[in-house]
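Trainee: Take the given structure of chain S and dock chain R to it, following the hints.
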Amino acid sequence: MKQFLIFIKKEWLHIWRDRRTLFILIWMPIVQILLYGFALTNEVKNSKIAIFDQAKDDASRAVSNRIAASRYFSLVKNLHTYKDIDATFKQGKIRMAIVFPAGFRNDLLHANHAQIQLIADASDPNTANTLANYATAIINDYQQELNQHQDLPYTIQVQVRMLYNPELKGAYNFVPGVMALVLMLVCAMMTSISIVKEKEIGTMEVILVSPLKPFRIIIAKTIPYLLVSLLNIASILLLSVYALGVPIVGSLTLLLAESILFTITSLSVGILISNTAKTQQTAMFTSMMSLFLPTLLFSGFLFPVENMPAPLQVISNIVPARWYFIIVKAVMIKGLGFASIWKETTILLGMTVALLGVSIYQFKTRL
Amino acid sequence: MKTITVEQLVKNYQNGKVVTNALKGISFSVDQGEIFGVIGPDGAGKTSLFRILTTLLEADSGTATVDGFDVVKDFKKIRNCVGYMPGRFSLYPDLTVQENLEFFASIFNTSIEENYDLIKEIYQQIEPFKNRRAGQLSGGMKQKLALSCALIHKPTVLFLDEPTTGVDAVSRKEFWEMLHRLKIQGITILVSTAYMDEATLCDRVALIQNGQLLSVNTPKGIISEYPNSLWAIRANEMYALLHAIKADPDIESCYPFGQYHHVAFKNPESNQKKLEQIIQNGKYTDVEIKTITPNIEDCFMALMN
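Those sequence lines, one after another, are chains S and R. Be aware that the first sequence starts at 1, since it is given in the working numbering, and climbs by one per residue. Be aware that the second sequence starts at 1, since it is given in the working numbering, and climbs by one per residue.
Here chain S stands alone, though its shape is the one from the complex (with noise of 0.2 Å):
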């Protein structure tokens, strides 16, 4: 055991003494956080949607027609009582429900002035924000299809609800993301790099002609990167907290746990990377390539899954940040508890057994 603290200690100390690169790891979350804080605009398209229509009348089939018909939105599901929505949200399954009134025909014909509502999960608020305007649209036409006819205007009132995020903060879009971002890069390049570098300088040969056994020594270079990124973890969310007024509505305990889990996931990726790259550089460009880039581009917190293409969807299953990134959202921004994320947990935590495993097995006992 003394041994194996005493190669944590060392660890340690080349984090410590590396200043610079020490500097970047603590500041490069605070600084994605501040720069993501500029809104990305995305475009919008086949998001699921659900009808909770009480009115089940001529004008509201019409309305409901043209929305699913629209290649914005893909109806899945009709809903049938108003606890069907919140339920239907927590699942992750829809984007935004339209909920017409009783009698919304009648209101429309005859009160001349109906309404419907819209509520859009907001904890992505560009995309809800996007897809109420182009519901919103669709209402507009075909009410001015009715007017054409009409000495008297028709209007119908659309009621928008933003659900999670009623400000529409993009912050609470970011914030999981930079999160996800930053555990990747810190654990899974440092880690890799921490270890081809003992390679490079050649102390690696050194400690394998040593009674530690391989499994330890792995572990022993990862516990610092874990330290570290406990502390970014604690830096991000005390930033989104105070600095940009999002808060931590679920469980912190919940949050804290996921992030470990996925804090493991990046090392475990980390290590595999170690395994074959020969130089420093290889081990960075790797991490690039391999993690930082998918990270960014898969896991959704740039550009929503749905959108892609169906062969990017296959592969964005694969990234571990996107599930990350969805527990995350579930539980900071949602307040959702562990019975709605444990699939994403789940495929978290397998992805994670099988890196670690395969990366473990691997690591050469020999040069």
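Derived from the structure by calculation, the hints contain no laboratory data. Note that beta-carbon positions come from the ideal geometry of N, C-alpha and C, so glycine has one too. Some hints here could point you the wrong way.
Claimed, not checked - In silico negatives: residues of chain S with every beta carbon more than 10 Å from chain R:
1. LYS10
2. HIS14
3. LYS77
4. LYS90
5. THR130
6. GLN157
7. LEU208
8. LEU212
9. LEU237
10. GLU306
Stated by the list, open to error - Example chain S residues on the side facing chain R (calculated, C-beta under 7 Å, incomplete):
11. ILE6
12. LEU13
13. VAL209
14. SER210
15. LEU367
Mentor: Same frame as chain S, but now just chain R:
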């Protein structure tokens, strides 16, 4: 008992379609408490041999044992009892002298205090700099620190891969004195070097070239195996002289060595007269000719041909 045995060891490296034969079936053995030198030029296969014996590489064929353990089957046991100092400087440059030593002591489950007497004489010389980062040490001090790190767990066998490469003459001398003191402690030392003059400091040496052993013997034995008598010659026009001698059909070999050219004849009968004749033909001045006893380098040159 033999501490190290090597039987028909073969190692090839494949890089694309190019196959490099690093070791072409070499065999030797090292006795307990011996300083055994592996002498050869760069690329002769020294490092491959060391890596196989320290269980870092697997040979393609052949067997080897260290301290009675097979290098493939019992590699974990070997890793418990050997000390290894690779050719490149392989300590942590960002850790201090003391931190490096502490680290290597701890991964072998020991402490500096426990085996201090073993490294005392070496470590004392660098102890004044113990809070200096290892990367900032001079070449000789780095080697002393590396040796201290390789010794700190009291290994039974010590593998030193080119420990004196890049080290100044004084430090080299000190380094070899240390090795002799370690030998007295009963540690078997396998040391490789590209410096021929260090061969005489070993108990026995193996001359290696292109993955093959040319000879294994005591330094004296190797010198006594030298087939011809050897001449040293000096004159004013050394470069022209070298070519003139080489051009003569009776000459086995001629090569520059310090201030002289060393000359060996194909048959022992032809001798000084032949050299004098060459000198007269070339009108050289300031000529000096003498017979000499060959050194290890001469033997190596002879064996290489």
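Trainee: Please go over all the hints and tell whether each is borne out by the structure.
Mentor: Against the structure, the hints come out as follows:
1. LYS10: 5 Å, violated
2. HIS14: At roughly 6 Å from the nearest Cβ of chain R, HIS14 (chain S) sits no farther out than 10 Å, so the non-interface label is violated.
3. LYS77: The claim holds: LYS77 (chain S) sits with its nearest Cβ about 58 Å from chain R, beyond 10 Å.
4. LYS90: 50 Å, holds
5. THR130: 51 Å, holds
6. GLN157: At about 68 Å from chain R, GLN157 (chain S) clears the 10 Å cut-off, so the statement holds.
7. LEU208: Not fine: 6 Å to the nearest Cβ puts LEU208 (chain S) too close to chain R.
8. LEU212: Given a closest Cβ separation of 5 Å, the condition is violated.
9. LEU237: 31 Å, holds
10. GLU306: 45 Å, holds
11. ILE6: For ILE6 (chain S), the interface hint holds, since the closest Cβ of chain R sits about 4 Å away, which is under 7 Å.
12. LEU13: Holds. Min distance 6 Å.
13. VAL209: Cβ of VAL209 (chain S) sits 4 Å from chain R, so the hint holds.
14. SER210: Result: holds, 5 Å to nearest chain R Cβ.
15. LEU367: Status holds, d = 5 Å.
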